[in-house]
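Peer 1: Sequence:
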Amino acid sequence: MAARARSRAVRWGTAASLIGVAVLLLGFAAHSDNPDALWHIVHGQCVPDQLAHSDPKPCAEVELRNGVERGYAVLKDRNGASQFLLIPTRRITGIEDPVLLAPDAVNYFAAAWHARRLVENALGRTMPIDSLSLAVNSKLARTQNQLHIHVDCVRAEVRRALGAARASIGEHWAPLSAGIDGHPYLAMRVLGATLDGHNPFKLLADGVPGAAADMVQRTLAVVGMQFDQAGPGFVILEDRTDLLGGDFAAGARLQDRACALAHGGPGRA
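If you're matching positions, the sequence shown starts at 7 in our numbering and goes up one per residue.
Computed spacing ranges between beta-carbons, pair by pair:
hint	residue 1	residue 2	range
1	123	84	13 to 23 Å
2	180	64	37 to 47 Å
3	63	200	20 to 30 Å
4	63	177	38 to 48 Å
5	235	184	19 to 29 Å
6	188	59	46 to 56 Å
7	235	55	42 to 52 Å
It should be emphasised that the hints constitute simulated quantities derived from the structure, not laboratory data. For glycine and all other residues, C-beta sits at the position ideal for the given N, C-alpha and C.
Based on the provided sequences and hints, a complete structural model is requested.
Peer 2: Shown next, in the form of structure tokens:
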């Protein structure tokens, strides 16, 4: 009898978890609006305006020196004071699109890091590199079916956590000892003042077992970092969806749209 009761409790617990996941999924769907909105803005407005009038509006920038197929636009996000989105000018659905892993793939993360100056301009001040971040969400956590990299400040508590773990983050993917927000992120570091020689999409696909086959479930975040004697670089973070654990692999949640670090909030440099 006791065994049957325990079995029934486990079944009810699993069912409750699945119901909770379904509710969360419905919540995401309800706020998705038009999943092609970013594509329509970039492809239908920003690129034509740039080509016809050398005016990127409504985007902040449009870069087409290597053609539309290898170009990108930077658009101010409608939410937050300082968040911008780096968006390819060719059709790329998201982190799972195989074009991102092609031998000649554009390094959109490198372009996004160069675009951080727009965040600083919006804030009216230069920011320390460890206060700025980039993020791409998993398919489950995103609302748009056009690749976009979030460029914004990192949350102060995330900055502190990464600073405390800095010495233990190496050149190969490994679990971040304390995780972040209760999620088991993997982390690695790369050195240099830019990401021009480091493509996080390829580092993930090549370095994490199984990642290349299920990129659709992954999220990537990049945070600038000063590695003491080694100089400037970046912490690259990776997480994978875990529905029963309530983890949608949303790296953009590590960012702070209010940018407390620029306004005297906790952890300000």
